[in-house]
Amino acid sequence: MKLDLVEVQKLEGHSARVWNVAWNPAAAGVLASCSADKTVRIWEQSSLSRSWSCKAVLEGTHTRTVKSCAWSPSGKLLATASFDGKTCVWENFATDSECVSVLQVHESEVKSVSWNASGSLLATCGRDKSVSIWEIQPEDECYCVAMLLGHSEDVKMVQWHPTMDLLFSCSYDNTIIKVWWCEDEYGDYDCVQTLSESNNGHSSTVWVISFNAAGDRMVTCSDDRTVKIWGTDIKRMQSGEGYVPWTHLCTLSGSHDRAIYSVHWSRDGIIASGAGDDTIQLFVDSDSDSVVEPAYKLLLKKEKAHTTDINSVQWAPDKESRLLASASDDQTVKIWKLVSEP
Amino acid sequence: MVSGLINENPIIYPKKERRLRTDSSNTDEFTPEPIDQLEIFDHIRDIKDPEHPNTLEDLRVVTEDSVELDDDNSYVRVTFTPTVEHCSMATIIGLCVRVKLLRSLPARYKIDIRVAPGTHATEDAVNKQLNDKERVAAALENPNLVEMVDECLLPSDE
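Heads up: the protein sequence lines correspond to chains A and B, in order. Counting in full-length UniProt numbering, the first sequence runs from 1 upward without gaps. Counting in full-length UniProt numbering, the second sequence runs from 1 upward without gaps.
It is worth saying that the hints were derived from the structure and are not from the lab. The model shown is predicted, which means the values in this text are computed figures rather than measured ones. There could be a bad hint or two in this list.
Facing chain B, a subset of chain A residues (Cβ under 7 Å, in silico) [unchecked claim]: (1) Glu59; (2) Thr63; (3) Arg64; (4) Phe83.
No residue lacks a Cβ here, since even glycine has one placed at the ideal position from N, Cα and C.
Isolated chain B, as found in the complex (with noise of 0.2 Å):
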């Protein structure tokens, strides 16, 4: 039987160890602190990828440095590398990681997901789906759709 998986065999990379966060120096409750790239990443690491048992960071899927961030400015962008070029779950993981931000960071946040040039062959038109709100908007009331995005959030027993 042909397996339905976009990419049976995926690269599993070895876990980066996780860096502990040290004391913030800001005591002032008032005062909201801020985020930094490692959060960002911190939220989507553990994303479960939509076929495989392993997570968007064991996949390479994102690393620390497919976040950019401009706190000041409340604007984050994440970009992704599918594992293959026509993986046709890079709607999925896009939609994914907007998901888990938009339930993590604060309503200020503008943010932007788009797949890394050159590693997928419909790259433009991702990127469309993913940026455009009312078709994410859309999406995000298809149960379906909803049940497969929050599987993806759930954490792991681990």
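Next comes chain A alone, as it looks inside the complex (with noise of 0.2 Å):
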């Protein structure tokens, strides 16, 4: 059986490089991409011809490029974090896309944002090295709980954990990806864990984390050009154990040849990884035999599936659609459907 990953539609419209896509989690068919023009785009999947347009162009609250935007878990919600300093939380996209809170406390430009799994905390992060977790209140209203400072450079991307309120956080500098933890009930977050080079981390920054669907897996990417699977027992952590540490699994390098910048896993276990050399590459648990040693393979790779860097892949949330989409360099955002050849 051999796969293909096909290009569904090309969305053209934005008029400088995309950083981002996000999909509704709630909504399907249902995207949102974020780009140096300044302006996040919401695209819509006509139930009718089955081809996605533009439905809505929230502009003129980010004075800078958007570069990362991510949907509550209940879909309502639009965070979008930029350049600018603040991060923007959005909703009522039917009717007329409405900035209903904005949040401001990073000092330089604001790199990623990232919601819980229940949508009660939002996480953000920035060049100012720090990363800040608010709550999100009735009304919208959003205070800042934490702000985490132990990163010595840029902080790339936050990611809370699929299933409990771990935050992980990734960075420019050489103490890569942080782990960090409210044990108590003071609301206190502690740095729990970091996966440096000498854990057999990434040499380079880390641009992206991502969970496999039941929380015990994490892949990350790097400049470094390789991509890193973790793992750790979630099941004694969920079981009210304690902290149990992530521990590195395998790396996978020489099939991109210039710096990835993100990846991502599907709710099936497929993972995605989009990078600079303009490929995407498919990777999957390489069913070995071997119980010590996981290992992954490459299962496809599209050369070009963009003109040039690839900045965001991610997978449509449902498992039965095999959408994946990308946003590039090149002004646009891919939609692709992974299908098996006869």
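Fit the two chains together into the complex; they arrive one by one in their own frames, and the hints show the way.
Printed below as a string of structure tokens:
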């Protein structure tokens, strides 16, 4: 059985590089993209024609590049992070998208925003080397409940764990991935683990962290042109045993020629990567019999997926559609479908 | 008064004679012309040093050999040599080279910029900044920095 990633549609409209794409977790076929053109676009799939068109352009609020966008778990809110130092929360997309909250705490560019699994917390990070955690109250009021310092350089991404309120952050610095946890009821977050080069970590800037559905594996990608898989016994942690450290399981190297800007783990276990070499690659667990050394293999390499760098890849949240969205420096977003060829 | 210049007395090298480009035998207007090392060097040799009224070529910050090129794979790497080891203008110079190449080369090109190994006190930090696409993009949204870069890229009145 041969697999291929087939281009379904190219979404044009942004007038500068597109940094990030995010599928709405609750509304099928809806995705957001954000760009250096300072806008965010919402794309929807028509139920009749099955093709996507731009339904809304969120503009006028961010005054600089919008680097990252993330939907709340309910799909009702969209958070956007910008180089202008602000993080905005938007709602009411069906009618007129409205910016309901502006979070301002970072001293310089904000690089990433992430919602926790229940949608009660938002995390942001930026070039000021800090990570902030915000509580979302009724009426969309947001309060900054923690400022986490510990990274020695620009923090590139924050990502909440899919099932527990564990926050992960990755950076331009040598202590690359940090895990933050609030163990007590007082709301203090501590750095409970740091994964650096000496823990078989990356040797350069780490751009993205993504978790598998079960939350016991994570994948990271880096300027060092490798993808790394990490794992933990999450069930022990979920049963209240306290923090259980993550360990390196596997490094995938040699298939990307340039910095890997994005990775994303699908609900059905396929890892997609997008890089500065213009390729999108897919990896899966190689089902090796070795219990000791988990191994992953390259499933598919799509050359010239875009005409230049790919900045973001994200699988659609449902398991059936097998759709993947990609965003590029070529100012477009592409929708792909993973198909089996007879 | 102490001058603010990092390097007050840079060495200015004699100008190399410019080779005339020979006529290309390629008359097919649809085939892209191959890009060569000299063409890339021509794009960057006249960039002005941020502190002195001299070009990067004059100060031997870049030479033809500082351009490594693989046109078939759309790849170029420029290695530049700051005039002094503690040059705080190194990132500005690197940024100028990158911006000039981004504006001059086809979009398919992948560009790496680095300082010549051993010529700068914080070469790893400088190289990292110059090759972090996100950091470069953010820097180029800073109007003061863009103004400085544009000044260096202005053709001189010769």
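Do the hints match the structure? See the list:
Checking Glu59 of chain A against chain B by beta carbon gives a least distance of about 16 Å; that is not within 7 Å, so the hint is violated. With its C-beta approaching chain B no nearer than about 10 Å, Thr63 of chain A sits outside the 7 Å limit, and its interface hint is violated. Of the supplied interface hints, the one on Arg64 of chain A holds, with its beta-carbon coming within about 5 Å of a beta-carbon of chain B, less than 7 Å. Proximity of Phe83 of chain A to chain B holds as hinted, the smallest CB-CB distance being about 5 Å (cut-off 7 Å).
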